[in-house]
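Here the protein sequences line up with chains A and B, keeping their order. Under the working numbering, read the first sequence as residues 1 to 552, first letter to last. Under the working numbering, read the second sequence as residues 553 to 1104, first letter to last.
Just to be clear, a hint being listed does not mean it is correct.
Once the Cα atoms are required to be at most 25 Å apart in a straight line, the calculated DSS-like pairs of lysine-lysine come out as [unchecked claim]:
1) B:744 <-> B:664
2) B:718 <-> A:149
3) B:744 <-> B:686
4) B:870 <-> A:112
5) B:744 <-> B:718
6) B:718 <-> B:686
Derived DEER-like restraints, expressed as beta-carbon distance ranges [to be verified]:
7) B:588 <-> A:366: 29 to 37 Å
8) A:169 <-> B:833: 33 to 41 Å
9) B:1022 <-> A:184: 19 to 27 Å
10) B:590 <-> A:453: 45 to 53 Å
11) A:249 <-> B:918: 51 to 59 Å
12) A:471 <-> B:590: 37 to 45 Å
13) A:489 <-> B:588: 56 to 64 Å
14) A:211 <-> B:685: 52 to 60 Å
15) A:12 <-> B:1044: 30 to 38 Å
16) A:462 <-> B:835: 31 to 39 Å
17) B:999 <-> A:39: 44 to 52 Å
Pulled a few chain B residues facing chain A out of the computed Cβ check, cut under 10 Å [said to hold, decoys possible]:
18) 586
19) 634
20) 667
21) 692
22) 693
23) 730
24) 776
25) 779
26) 878
Honestly, the hints are just simulated from the structure, not real lab data. In this text, a Cβ means the ideal position worked out from N, Cα and C, and glycines have one as well.
Protein chains: 2
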Amino acid sequence: MNGAESLVQTLLASGVRVCFANPGTSEMHFVAALDGHPEMRCILCLFEGGVSGAADGYYRMTEEVAATILHLAPGFGNAFANLHNARKAQSGVLNIMGDHADYHLRFEAPLKGDTLGVAQAVSHWTRISASAGKVAGDAAEAVQAARAKGGQIATLILPANTAWEKASGHAVAAPAPVPQRPSQAEVAAAAKALRQPGAILMIDGPALWSDLGLLARRLTKACGARLMQPYFVSRFRRGAGAVKIERMAYRIEDNLRLLAGAPSLVLCGTARPAGFFAYPGLPSTPDDPDTRLVELCAREMDIAWTLQALAEELGEAKLTPDDFVQPDRPALPEGPVTMAKVGEAIAALMPEDVVIVDEGITASAHVAPGLQRGPGHDVLTITGGSIGFGLPNAVGAAVACPNRKVVVLEGDGSGMYTLQSLWTMARERLDVTTVVFANRGYQILREEMAAMGVNAVGRNAQRMFDVEGPSLDWVALARGHGVEARRIADMAGFNAAFAEAMAQPGPRLETGRQVLRLIRGAPPTAIRQPGSAPCCRAASPGCRGNSGGASP
Amino acid sequence: MNGAESLVQTLLASGVRVCFANPGTSEMHFVAALDGHPEMRCILCLFEGGVSGAADGYYRMTEEVAATILHLAPGFGNAFANLHNARKAQSGVLNIMGDHADYHLRFEAPLKGDTLGVAQAVSHWTRISASAGKVAGDAAEAVQAARAKGGQIATLILPANTAWEKASGHAVAAPAPVPQRPSQAEVAAAAKALRQPGAILMIDGPALWSDLGLLARRLTKACGARLMQPYFVSRFRRGAGAVKIERMAYRIEDNLRLLAGAPSLVLCGTARPAGFFAYPGLPSTPDDPDTRLVELCAREMDIAWTLQALAEELGEAKLTPDDFVQPDRPALPEGPVTMAKVGEAIAALMPEDVVIVDEGITASAHVAPGLQRGPGHDVLTITGGSIGFGLPNAVGAAVACPNRKVVVLEGDGSGMYTLQSLWTMARERLDVTTVVFANRGYQILREEMAAMGVNAVGRNAQRMFDVEGPSLDWVALARGHGVEARRIADMAGFNAAFAEAMAQPGPRLETGRQVLRLIRGAPPTAIRQPGSAPCCRAASPGCRGNSGGASP
């Protein structure tokens, strides 16, 4: 057995079943070792940003770590942005990065680079395997690290000779260490703070998609506190049947209003809220200076235990239908296309339990009110703010949940960052429907420029915001990647196209001048790869989401 | 004046005239400052890898530093791979990376990341400006650093508040320090080594495209040494009129043969040759163990002075037509498409002084013999081995040289990494003709797998090498970006399309099953932006290349 074989056996023995890959020469022996193991599902992405984003989306929907295969330093650089987003989502990702054979590193080969430096700039855990015999043990530790603290970025660097030299066997990852918990005294103090009228409990992590959300609602109902969540989170439940949780806004001014006057703000699974950027004349944080901040439980700590401990202090009120979003499907809107109507149309047409990957950027705020009225669904958001997250995350979510519809809300500026993911959707026959909001530019920058206090926009600035002259033709771009697409002219067209996309097999479509396009991945067929990942772990509350609301 | 304005004034006063950009919110004040300065040409790329690759290509053709505008940590990550290629090309690039306002960095904003860590992993020089008042001085030092040692990667990180707070004025970059020179004793020893029969002088850098190549040829002719160059270089002159210089090969086996038996190998402007990768059973370096290695002048040292000093030791022989590649235009090939015929067809049809950006990867070796017979042209190669270099470099080369034709030889796997650059070609009306060799996969990986000693390829590996199911439709991809394209069925079709592309205004085209496609950028028109960069510096030997061969 060589090091590469010991690596693959270790990953499989440790429960890693999916590998998103864009390998190069330094990873060839690893690729060869995968050949003997069809139970590992290997998915090719045509750019490393697609690899890392897919692993992020896969973790968000399964709480299972996927492996990535990345080429040495610059290949990891290409994956960097979506690893940043994954890190902010607290997703567990295991990166396998090749490097030159260790004895080759003293020469100036073209691809020699600072593998360790670029890896450490975004990873929680990084190691270079010292020999083929160490690969199995290192890989097992890497899997454990990726699962620790609610999910981490772990990067294992394998010099090429550690792959082809002799190894003795595989290893198995130890269970992730028990996460840290707050003290009973801290819980008691937080409970006391929550009893003050107008107090807020802010939650994140599994509390936003699992039954922990029910628990959080019961305990805040018992003490009368408000229950809130940040704006950008790895995943949350929305629509009919979802537990009511107030969502923070994007703009710091709105968040200042939302948090004004609260006597205390207790954080469980989240850090102190901060503005997306600093703006001249505005504070960095939206919490009221008079609010007492209680940092009870960080995201990497034991959120489930902490909420249970809080409930033991505060009691649990019985939930009633009022604690859940009630079914309120909008009627199908007609006439010219608007973003608000698109939200309503999607809500009117989508089935239960869709996964919505939201990279609509400025469009998202306009479509959200409509979507909120639709059937219950999960939403994945751009946690790290680095655009190019949407299409790759949708790949990962669709691989994780082959029985659920995945809908991507995508901006045209952000979609261009990682459009290669469309090809992977087509190749893997993933059931992904993409709606591209084509406002022909970086609308967010137009708005941020004004927020920064710059109101006069001249030619040089204008040309940095507009994606025009030429306009991007998303129908052609999608077809070039093997995905059919359609342009939408009015809401009747959108409704017909989206309804068709929701039925199997569906079409692919888009709008013309009306800032909206819609693309649909190739329909799923009977062709499934051996070793295809199941929807989600049998015992996981993850994939079906918090649907407890249907029968409180 | 705020810090952003002082930055722009400093860049302009220091001779920086072109800025490739993909800005985000943290760079908004910089973008605003650019509005007042139309003499700075700002070029938007839809992905940061396009930004850094364009700055690289611009430097290769002008020896002038362009600025990049990159968004904080993950945005820089997207630029990383082409900065790696630029670093290996010894290109000077000045990165301006925004960051959060310094007082905002203590909070967990989504985009907060390790800006310094990711920058340092690829930059020679990195600094975070401490205040608005320091921005001008820091920027001047950054420009100087980017121009030092024959070209470096310099990254200046500007916290957002340093852009909007008050500054006092601009600064001007000091001239780059005089590069290091070898001692006279070292020159004498190298000269002695070169006098041994069969000795080799290996050169790189400006010696491959400027009149220094003539000098190198004269002095090696005087002492009877062989004159050679590495395979991957930032730029070299090829075709009729070029000084004859033996080119190293890609494969280590071929290079072992090329260097076998040489008594000495003198390096001037280059490091010891090394294999692209290490391979089991093969050495890391191709030089003969009995060859005396003389590391006379590193790439970052004074190559011009060193060659002159060598010539003073060895004398200079008069050059004759035999020292130059003689005109030998191939006839137009007919019949089915082959890569060799494509090389001949391009050579038959291209005008003088084309810039060829070569990212044909496995195709390049097949087209090179034909191209070698064409008129004199410059070639830019993938110095760092990180794919996705071709289309962005072509953008930079075309901006640098608006009066020259730029032809990109592109693989389909590598082209997909940074295909967004097609849009910038269309928007800036750059005269770029792209030939895509569509072999529907990573052919290089198929070959490297065998070179690694792995000959059995199973399903998991096969699916990592093939870009099929679906096939990419490059005509659609190009049109989606606003670039017309054509599919080529046979050589008659290629000839017609390429001839049309070489004439103004040209078409865009490509092949079907015959592993070849050709795309042409929008034709240049009278629309030119104010402050458009000149072709190249008046006094620079750069842009016209080493055409001294015409009249030796």
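Outcome of the hint check:
no.: 1; hint: B:744 <-> B:664; result: 57 Å, violated
no.: 2; hint: B:718 <-> A:149; result: 43 Å, violated
no.: 3; hint: B:744 <-> B:686; result: 51 Å, violated
no.: 4; hint: B:870 <-> A:112; result: 40 Å, violated
no.: 5; hint: B:744 <-> B:718; result: 60 Å, violated
no.: 6; hint: B:718 <-> B:686; result: 10 Å, holds
no.: 7; hint: B:588 <-> A:366: 29 to 37 Å; result: 34 Å, holds
no.: 8; hint: A:169 <-> B:833: 33 to 41 Å; result: 25 Å, violated
no.: 9; hint: B:1022 <-> A:184: 19 to 27 Å; result: 58 Å, violated
no.: 10; hint: B:590 <-> A:453: 45 to 53 Å; result: 23 Å, violated
no.: 11; hint: A:249 <-> B:918: 51 to 59 Å; result: 58 Å, holds
no.: 12; hint: A:471 <-> B:590: 37 to 45 Å; result: 24 Å, violated
no.: 13; hint: A:489 <-> B:588: 56 to 64 Å; result: 41 Å, violated
no.: 14; hint: A:211 <-> B:685: 52 to 60 Å; result: 55 Å, holds
no.: 15; hint: A:12 <-> B:1044: 30 to 38 Å; result: 53 Å, violated
no.: 16; hint: A:462 <-> B:835: 31 to 39 Å; result: 56 Å, violated
no.: 17; hint: B:999 <-> A:39: 44 to 52 Å; result: 28 Å, violated
no.: 18; hint: 586; result: 4 Å, holds
no.: 19; hint: 634; result: 8 Å, holds
no.: 20; hint: 667; result: 9 Å, holds
no.: 21; hint: 692; result: 22 Å, violated
no.: 22; hint: 693; result: 22 Å, violated
no.: 23; hint: 730; result: 24 Å, violated
no.: 24; hint: 776; result: 28 Å, violated
no.: 25; hint: 779; result: 21 Å, violated
no.: 26; hint: 878; result: 32 Å, violated
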